[in-house]
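First to last, the sequence lines map onto chains A and B.
Just so we're aligned, residue 1 is where the first sequence starts under this note's numbering, counting upward by one.
Just so we're aligned, residue 1 is where the second sequence starts under this note's numbering, counting upward by one.
In case anyone wonders, no lab produced these hints; they're calculated from the structure.
No residue lacks a Cβ here, since even glycine has one placed at the ideal position from N, Cα and C.
It is possible that part of the hints are untrue.
To be verified - Below are the DSSO-like pairs computed for lysine-lysine, each with C-alpha atoms no more than 27 Å apart in a straight line:
#	chain 1	residue 1	chain 2	residue 2
1	B	K244	A	K279
2	B	K239	A	K279
3	A	K59	A	K141
4	A	K141	A	K28
5	A	K32	A	K182
6	A	K119	A	K182
Unchecked claim - Covered stretches of chain B (chain A as the covering partner; in silico rule of three or more C-beta atoms under 8 Å from a C-beta of chain A):
#	stretch
7	145–151
8	169–178
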Amino acid sequence: MATIEERFDAIVVGAGPAGNAAAYTMAKAGLKVLQLERGEYPGSKNVQGAILYADALEKIIPDFREDAPLERHVIEQRIWMMDDTSHTGMHYRSEDFNEEKPNRYTIIRAQFDRWFSSKVREAGGIVLCETTVAELVKDTKGHVIGVLTDRHGGPLLADVVVMAEGVNGLVGQRAGLRDELKPQAVALAVKEMHFLPQEVVESRFNLSGDAGVVIEAMGAVSKGMVGTGFLYTNRESISVGIGCIVEDLAKSGVTPYSLLDQFKAHPSIAPLIAGAEVKEYAAHLIPEGGFRSMPAIYGGGWVVTGDAAHLVNSVHREGSNLAMTSGRIAAETIIWLKRRREPCSFDNLAEYRKRLEASFVLKDMRKYQKIPGLLHNNRQLLNLYPRMLSGVAQSWLRVDGKAKRSKETEIFKAVRKQRGLVGLVADGLRLARAWR
Amino acid sequence: MHIVVCIKQVPDSAQIRVHPVTNTIMRQGVPTIINPYDLFALEEALRLRDRFGGEVTVLTMGPPMAEDSLRKALGIGADRGVLLTDRFFAGSDTLATSYALAQAVRKIGETWGTPEIVFTGKQTIDGDTAQVGPGIACRLGLQQLTYVASIQDLDLAGGTITVSRRAEGGVQELKTRIPALITMLEGTNEVRRGSIGDVLRGARAELVVWNAQAAGITDMTNCGLRGSPTVVKRVFAPKGRATKAIQIDTKDRDNEAIVEDLIARLYAVQPSLEDDLLRMAAGY
């Protein structure tokens with residue numbers, strides 16, 4: 001096997017948001033960066049809802065709005081608690097979101113990731129596609145010194161390997177740096193792209209220009225499992241999908257596509273996508289185990305970023321921004337070490353963890369660390385309450401000749417019957433404690 | 001030995017979508033690939049180089065983004081990439097394309113040695129004409145071997161090449177002089193996967209980029225729209241047929257009933273059929 005003589009400053013595994021953020025930041029700073037992507041082109045294997053959070057990208061490419069492929073900026077968020085026939089919604093729509101530099105956008109990842117990767121190349125990074133990293137190469141002390149790919153030749157050597165390989169984390173797993181994914185710590189989401197003329201999308205959601213709407217749905221749609229549905233407006237398509245914890249799916253035997261079919265058929269969702277043509281179907285795993293399911297994120301000669309590090313805030317539906325931020329912080333740490341002529345050793349790379357702790361990334365991950373366990377053990381939160389809320393709303397709104405006071409008593413009784421006073425108080429306390 | 005392989009960057013037809021609303025082809029976001037037929041030509045060229053020594057130069061004409069296809073070809077193992085790009089080439093039909101490519105092959109020959117063999121794929125998947133290869137051969141006065149399935153023998157000293165060519169009704173074995181132009185059939189070899197060294201080299205290689213003038217083209221009347229007698233007048237999506245397929249329900253019905261139903265429906269859409277069949281049965 002021919003060895004490649006040259007040595008890179010860093011090898012980045014994967015060309016998603018985390019990998020591109022890391023590769024771009026390092027290449028821009030003049031480091032010799034090699035990025036390896038298994039897909040035919042960056043983005044070809046990548047799946048997300050997808051919402052882009054501008055702030056995280058702005059810190060990497062401040063003027064990204066000039067040429068990045070963006071669909072719509074989000075001006076309205078709807079959170080829907082659903083039973084089988086109704087939804088109780090909390091909507092927030094604001095003209096303030098129609099700002100010069102909007103805060104959130106819907107995007108199509110296949111296009112967005114290719115754009116991001118083109119920036120890596122422009123910055124001087126070398127991007128090799130259709131090249132899968134097979135394993136990490138270590139020296140006798142266990143320090144990672146490079147990678148072997150599925151192509152002949154190699155190994156490829158580098159001072160540090162940035163793993164941005166995505167949720168499965170196969171490279172790290174093979175190298176014994178992390179455990180296999182646990183079914184209770186990962187959600188399986190499926191989504192479809194429904195194409196509609198731009199005017200139809202805009203009239204159905206009361207939109208104009210590039211503005212867009214996001215709907216997050218919970219309740220009966222997840223069929224008793226821990227999961228949520230979503231609907232995002234793109235320029236001339238609508239992304240609609242639903243995801244549930246894999247362990248729950250396995251136990252219930254409900255297939256993801258039937259879950260999605262039922263979600264789409266819900267009377268609150270169906271009219272929004274009526275008449276559309278489905279052009280794409282995709283599925284993806286989301287690491288939703290939170291802070292407590294995170295693997296080790298650094299070691300001698302390696303760091304882990306993005307989904308591979310389980311950096312997903314499932315409560316706020318954030319992930320790509322944590323991915324980009326962790327990629328950037330990993331890169332900045334490596335650049336900092338390079339400038340000080342320090343090696344990327346275990347001790348030195350602890351700086352990455354330190355910086356990540358100081359950022360919103362690990363602060364948020366810590367804040368919500370009890371949520372995944374709470375939802376796992378208290379399914380009523382996602383299933384009973386949306387249903388109860390629907391019942392309350394309906395009794396309250398239906399005019400049927402009953403006196404209002406007796407109606408209130410009736411509602412209260414119905415609620416108590418479903419959950420009991422102690423249960424209600426306990427749920428409130430549990431949620432408050434986990435949220436804090 | 002010097003071999004030139006002409007390749008074309010084309011939209012990946014497997015991933016092209018027709019816009020559901022306007023019925024036009026959605027080019028945006030469609031990945032581009034090397035014309036799949038050209039890959040068999042490239043592989044055949046690399047095999048000859050590996051056997052006889054020498055160099056493989058890959059030539060493409062297209063917009064600056066066609067550079068990606070050259071890098072991919074270098075990543076598979078080619079030695080040199082030449083990009084012929086000029087706004088004067090825009091709108092070229094097969095006549096103008098073969099003119100520009102022939103000039104570039106001539107220039108490549110002057111610069112790095114006259115090629116013994118020029119390869120192209122059988123045809124491109126976006127044009128489907130299979131005219132450019134023969135056009136180049138004709139303009140350069142090369143022997144022309146089209147639809148080649150395999151190369152049987154190459155005698156560099158004797159200056160001859162023997163190939164199998166797929167023809168209607170059989171396989172022809174042809175022997176001719178070199179230099180020759182070969183258009184390669186699909187599925188004739190297994191395209192190799194470049195080593196990590198190849199793809200690295202491909203990603204970083206300095207490509208040779210020529211505009212018309214650099215390729216030695218002085219007469220622009222043969223190029224681009226001006227040099228193209230063929231004009232695409234209109235592109236449209238064919239209208240769907242008015243008649244739709246009919247599905248016959250077979251659930252809980254015996255075969256007899258299903259067949260009766262089937263026959264009745266056939267007669268319904270083709271009323272003369274019943275009479276024709278009866279006449280046939282009567283013996284005329």
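Status of the hints after comparison with the structure:
no.	hint	in the structure
1	K244(B) - K279(A)	holds (22 Å)
2	K239(B) - K279(A)	holds (20 Å)
3	K59(A) - K141(A)	violated (36 Å)
4	K141(A) - K28(A)	violated (31 Å)
5	K32(A) - K182(A)	violated (36 Å)
6	K119(A) - K182(A)	violated (35 Å)
7	145–151	violated (count 0)
8	169–178	violated (count 0)
Checked against the numbered hints given earlier, this structure breaks hints 3, 4, 5, 6, 7, 8; the rest are met.
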